[in-house]
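**Q** If you read the protein sequences in the order shown, they are chains A and B.
If you're matching positions, the first sequence starts at 956 in my numbering and goes up one per residue.
If you're matching positions, the second sequence starts at 956 in my numbering and goes up one per residue.
Just to be clear, a hint being listed does not mean it is correct.
In this list, chains with the same sequence are indistinguishable; a pair is considered to hold if it fits within one copy or across any two.
Derived DSSO-like pairs (lysine-lysine); straight-line CA-CA distance at most 27 Å [stated by the list, open to error]:
1) K1212 <-> K966
2) K1030 <-> K964
3) K1017 <-> K1180
4) K1294 <-> K1180
5) K1294 <-> K1124
6) K1180 <-> K1295
7) K1054 <-> K1295
8) K1180 <-> K1124
9) K1180 <-> K1212
10) K1180 <-> K1054
11) K1212 <-> K1017
12) K1030 <-> K1180
13) K964 <-> K1124
14) K1030 <-> K966
15) K964 <-> K1180
16) K966 <-> K1017
17) K966 <-> K1180
18) K1054 <-> K966
19) K1124 <-> K1054
20) K1054 <-> K964
21) K1212 <-> K1030
22) K1294 <-> K966
23) K1294 <-> K1017
24) K1124 <-> K1030
25) K1017 <-> K1295
26) K1212 <-> K1295
Hints were generated in silico from the structure; no laboratory data involved.
Protein chains: 2
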Amino acid sequence: MSYEDNIRKVKPYVPGEQPSGSGIIKLNTNENPYPPSPAVGRVLREFDQDILKKYPDPEAVKLTEVLAEEYGVSKEQVFVGVGSDDVLAQSFLTFFNSKRPVLFPDITYSFYPVWCDLFGIAYDTVPLNEAFELEAADYDRENGGIVIANPNAPTGREASLSEIESIVKNSPDSVCIIDEAYIDFGGESALSLIERYENLLVVRTFSKSRSLAGSRIGFAIGSRKLIAYLSDVKFSFNSYTMDSVTQAIGVAALTDKGYFSDTVRRIISTRQNAIASFCELGFSVIPSSANFLFVTHPTYPADELFAMLRGRGVYVRYFNSPRIDNYLRVTIGTDEEMKKLFEILREYMG
Amino acid sequence: MSYEDNIRKVKPYVPGEQPSGSGIIKLNTNENPYPPSPAVGRVLREFDQDILKKYPDPEAVKLTEVLAEEYGVSKEQVFVGVGSDDVLAQSFLTFFNSKRPVLFPDITYSFYPVWCDLFGIAYDTVPLNEAFELEAADYDRENGGIVIANPNAPTGREASLSEIESIVKNSPDSVCIIDEAYIDFGGESALSLIERYENLLVVRTFSKSRSLAGSRIGFAIGSRKLIAYLSDVKFSFNSYTMDSVTQAIGVAALTDKGYFSDTVRRIISTRQNAIASFCELGFSVIPSSANFLFVTHPTYPADELFAMLRGRGVYVRYFNSPRIDNYLRVTIGTDEEMKKLFEILREYMG
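In isolation and in its complexed conformation, chain A is listed as follows (with noise of 0.2 Å):
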């Protein structure tokens, strides 16, 4: 016997690259091209370093209440944490532990399976239709819980609420986490559903729509009852999870509403002009309410696309995976980085 026979053995989610050096355009990890609010910038200028010797509030009071207030619930409503994936690992710990299997689609965020995997979770997956599509009536069944990206991802497509809300009616025995990284980019929230059932939780960020990729905040709103369930077990891993500076930047960028609004907008714009420009080229595009396209063409492998336009420095993300193989998630940058994505693919595809 060794100490290694009793370590526990993953094989851990890969995130996408994160290339540096100028002159790269990154479309790999959905990420926003425009910077955080400057109110951001003030928080860190203004911030007060004495206060780091003491630990943050373990609570993230403030935090928690403009969340509270800026999606109409009680602060016992909201949980908040080291990005969504944090929040998503603590939901999966806490919700998901029962022998029956939890629920997600074939082609969707591919941390679900990790998580289930560390946590010694049974999940089945579901598969979409042909054309991406989710359908409610599939997961009428016995789980023990069941985790929806919506709008999904890699795909960008969204269920309509009424599907999402027939799928929580029809499980109240599971936890159903709804995933909404993307929501902001034209997507219909199941936030309205929160007070009707108990056991919705809906996990939101700032990374995306918020362009704070950099600082890690996460956060998910529920019943009083999920919420309470999930802040103890976060209260058994960390009690102060999430540091002080990020906490004032989490407030500042929830606050300026005019910047968030005004750089959502720039990026629906810019998508549905990459939109066309992906079919003049001849691309076919799923539907998209995030802020990203999955793009297919008949004629150019994606694998050969993906590694020409790696070779020039533009970065999009590329999954071997079964029935996406021949995609292309391409994440919606500046206008000026499409122009430049898309002079790149017509020079290449004549």
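Given chain A's structure and the hints, the job is docking chain B onto it.
**A** For chain B alone, coordinates are given in the frame of chain A:
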């Protein structure tokens, strides 16, 4: 059945109070009374907020490299996390994965049993002797892992390096975690044993000696194998745990070695004076290698003194637990804060 039947229900760790308000003297959570290095303030003022739109470096390479250099190990032997609680939580999840019980002292950091309960890890506590000393031979039995805080909390008492080595050596089939949160205040580190014992993990924090409790920076140093397993679990939980600002703060704090050693020296000097003052008042003081003292008085009950001090705005820590329910844990503050503490005690104790 209800969705609540499938939820993981735990009794969370209760952190020390975080009172706010002017005039309060906070000696209850072992924070550093001095602010972090001025280099930390410069990082905040000069940080380019645009960087925050991108994900942070998931491997915190720069911080890892300066830590490796500081402690004379390779960067593959360093793991960083969101405070040492995060590092410890992930280490419990990774390394304590057998049916045999994990061992730790009966009197120690009260988060250890909480992590065991959260992850379903069996454990046994091993009684310290009457003087709150650890006896290495007590750990020479079948176990699924060992965790020792050294110096111990809440006692402050240090186990010798030879005792630590004997524990690690006698359990080659288990991972032994030495939690050195307080080692910089005069203790002898087990880092010197790292190259000899592949099953040894040393955990440290920036929260105490580097005055950065508010930033959440912890790290572990161990064999390449242990760090690789730990990283796999971390990357299965959350790819991006430490935000970009905090990574830069950590590098700045670690690099300002003069400020660090000055601060530590001041706290040790204040501690020595505090020991003398407690003794003058008739307290017994457990020998401390930490930034706090564990004290008891033959005639004044600890809970009474705790309440009296709290009423006068001085927060110390009282644990209503077997064997230590007549002790107070008092963090070493500034000389002025300690002067105020002893004035109040002298006045009360006549």
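**Q** Are the CA atoms of K964 and K1180 at most 27 Å apart within a copy, between copies, both, or neither?
**A** The answer is between: 12 Å across copies meets 27 Å, while 33 Å in one copy does not.
**Q** Using 27 Å as the alpha carbon limit, work out where K1017 and K1295 are close: within a copy, between copies, both or neither.
**A** neither (42 Å within a copy, 32 Å between copies)
**Q** Go through the copies and call it for K966 and K1180: within, between, both or neither, with a Cα cutoff of 27 Å.
**A** The answer is between: 15 Å across copies meets 27 Å, while 33 Å in one copy does not.
**Q** Indicate which option fits the pair K1054, K1295 if close means a Cα-Cα distance not exceeding 27 Å: within, between, both or neither.
**A** neither (50 Å within a copy, 57 Å between copies)
**Q** Taking 27 Å as the upper bound on the Cα-Cα distance, should K1212 and K1017 be classified as within, between, both, or neither?
**A** within (17 Å within a copy, 34 Å between copies)
**Q** Give the relationship of K1124 and K1030 under a CA distance limit of 27 Å: within one copy only, between copies only, both, or neither.
**A** within (24 Å within a copy, 50 Å between copies)
**Q** Up to 27 Å between alpha-carbons, please classify K966 paired with K1017: within, between, both or neither.
**A** between (37 Å within a copy, 25 Å between copies)
**Q** Reference check for the pair K1294 and K1124, CA-CA at most 27 Å: within, between, both, or neither?
**A** neither (44 Å within a copy, 62 Å between copies)
**Q** Evaluate K1017 and K1180 at a C-alpha cut-off of 27 Å and name the case that applies: within, between, both or neither.
**A** For K1017 and K1180, the Cα distance is within 27 Å only inside one copy (21 Å; across copies 41 Å).
**Q** How would you label the pair K1180, K1124 (within, between, both, or neither) given a Cα cut-off of 27 Å?
**A** within (17 Å within a copy, 47 Å between copies)
**Q** Given a CA cutoff of 27 Å, do K1180 and K1054 count as a within-copy pair, a between-copy pair, both, or neither?
**A** Within one copy only: 22 Å inside a chain, 32 Å across chains, cut-off 27 Å.
**Q** Evaluate K1294 and K966 at a C-alpha cut-off of 27 Å and name the case that applies: within, between, both or neither.
**A** Classified as neither; 38 Å inside a copy, 54 Å across copies.
Against the hints set out earlier in the document, violations occur for numbers 1, 4, 5, 6, 7, 9, 22, 23, 25 and 26.
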